[in-house]
Amino acid sequence: MSEKQIIDRLTNAFAGGGVDSDGRLHSRLAALAEKQGLLDVSYRTVDSPLGLLLLAATGEGLVRVAFSCEDHDAVLARLASDISPRILRTPRRLDEAAHELDEYFAGKRRAFSVPVDLQLAHGFRRSVLEHLRRIPYGVTQSYADVARAAGNPSAVRAAASACSHNPVPLVVPCHRVVRSDGTTGEYRGGPDAKRTLLAMEAAA
Amino acid sequence: MTAWALMTRSLDAAVRPFEGIVAEHGPMVMRVCRALLGPADAADAWSETFLSALEAYPKLRPGSSIRGWLVTIAHRKAIDHLRGAARRPQPAGDLPEIPATDPAESSMDDELRAALDALPAKQRGAVIYRYLADLSYAEVGDLLESSATAARRSAADGIASLRKRFSKGAKR
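Going down the list, the sequences are from chains A and B. Counting from 1, one number per residue, gives the positions in the first sequence under our numbering. Counting from 1, one number per residue, gives the positions in the second sequence under our numbering.
The set of hints was computed from the structure by calculation and includes no laboratory data. Computed from a prediction, not measured in an experiment: that's the story for all the values here. Be careful, since some hints might not be right.
[Claimed, not checked] Computed list of lysine-lysine pairs in DSS-like fashion (alpha-carbon distance at most 27 Å, straight line): (1) B:122 - A:4; (2) B:164 - B:122; (3) A:4 - B:164; (4) A:35 - B:122.
[Said to hold, decoys possible] In silico contact screen, one side only, chain A against chain B (beta carbon under 8 Å); selected entries: (5) 3; (6) 7; (7) 15; (8) 32; (9) 77.
We put the beta carbon where it would ideally sit given N, CA and C, even for glycine.
Working from the sequences, and respecting the hints, build out all of it.
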């Protein structure tokens with residue numbers, strides 16, 4: 001047997017029918033990491049009428065929802081530098097959020113109950129997001145309304161910017177804020193996604 | 001690396017989520033764990049290796065060899081296992097069970113496994129770390145507490161010994 005044959009046989013011998021093809025080893029790693037407080041961010045993807053959504057959560061709650069038009073790998077890399085690189089794909093920890101989103105898109109849910117972590121927004125932006133959470137299903141407000149409600153009536157542009165940078169769209173309903181002239185305004189998921197959501201809520 | 005560069009690590013935009021490390025290196029770490037410990041303990045050692053790596057990951061210096069770092073952890077976990085030091089019971093609860101070993105897999109190439117286990121420790125380590133983990137001889141030398149030259153010689157001797165054994169057609 002040649003040296004190359006021995007080395008090939010060696011590498012084949014321990015590759016053993018793939019590694020963790022059913023994902024159980026990975027799930028176990030994630031569960032152990034969570035128990036030992038080493039899992040800072042977990043994530044999963046979920047299908048939706050707006051395309052594949054990325055959901056990411058800390059121990060505090062849902063911290064990021066990303067649309068398919070955002071590069072999910074780039075979003076995760078950003079979370080790694082903004083929050084912690086201790087990130088694992090952990091569907092279980094996000095089952096509830098995924099389920100609530102399913103219900104929302106099916107027209108069976110009007111408010112989200114999953115906890116939300118707004119640590120990616122600071123200062124006035126955070127005040128805006130906290131106000132957005134109180135805008136009911138099917139209701140729209142203008143950016144001026146939102147600026148006023150968040151405590152700074154003259155900061156209409158800043159309010160618009162806070163909405164368009166909302167780290168947790170859908171669950172924090174920035175899509176319910178529209179321009180005073182009735183046009184939709186910017187949205188992380190694109191203007192079509194925003195129109196779809198507004199139409200869906202108006203029809204319910 | 002300067003102290004300042006270490007302090008400003010958080011400014012480094014390219015921090016990679018740990019999930020990517022598991023996805024890229026998981027199979028390699030499993031090969032090494034299987035070769036070091038056999039199929040029964042490999043799953044445990046794999047989990048322990050990645051759990052330790054996850055804990056230390058935020059402090060890992062940028063530019064470090066991820067592969068070398070993971071294999072070093074796996075090497076230590078394997079030593080712990082062999083000493084029985086790592087045999088503390090896992091916390092009970094709702095943890096997924098360790099996957100049962102696939103019988104087809106555990107019977108696979110027992111002959112080679114036995115031949116590898118029969119090598120002297122340095123040769124066995126050098127063969128595993130050079131050919132299953134794809135480390136450089138310098139890294140293999142660090143792991144085995146010898147020089148790169150000695151590691152190269154150990155790996156060559158180990159391969160030669162395996163060749164000799166299988167070239168004779170001497171089935172056990």
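Hints, verified against the model:
Proximity of residue 122 of chain B to residue 4 of chain A is assessed by CA-CA distance (about 21 Å); at most 27 Å being required, the pair is judged to hold. Straight-line distance between C-alpha atoms of residue 164 of chain B and residue 122 of chain B comes to about 18 Å, which keeps the hinted pair within the 27 Å bound. Among the hinted pairs, residue 4 of chain A with residue 164 of chain B is consistent with the structure: their alpha-carbon atoms are about 13 Å apart, no more than 27 Å. With a C-alpha separation of about 37 Å, the suggested pair residue 35 of chain A and residue 122 of chain B falls outside the 27 Å cut-off, and the hint is violated.
The interface hint given for residue 3 of chain A is met, as the beta carbon of that residue sits about 6 Å from the closest beta carbon of chain B, less than 8 Å. Taking 8 Å as the C-beta cut-off, the interface hint given for residue 7 of chain A holds, the closest approach to chain B being about 5 Å. Contact between residue 15 of chain A and chain B, as hinted, is supported at the beta carbon level, the nearest pair being about 6 Å apart and thus within 8 Å. Here the hint on residue 32 of chain A is kept, as its CB sits about 6 Å from the closest CB of chain B, short of 8 Å.
At about 7 Å, the closest approach between the beta carbon of residue 77 of chain A and any beta carbon in chain B falls short of 8 Å, and the interface hint on this residue holds.
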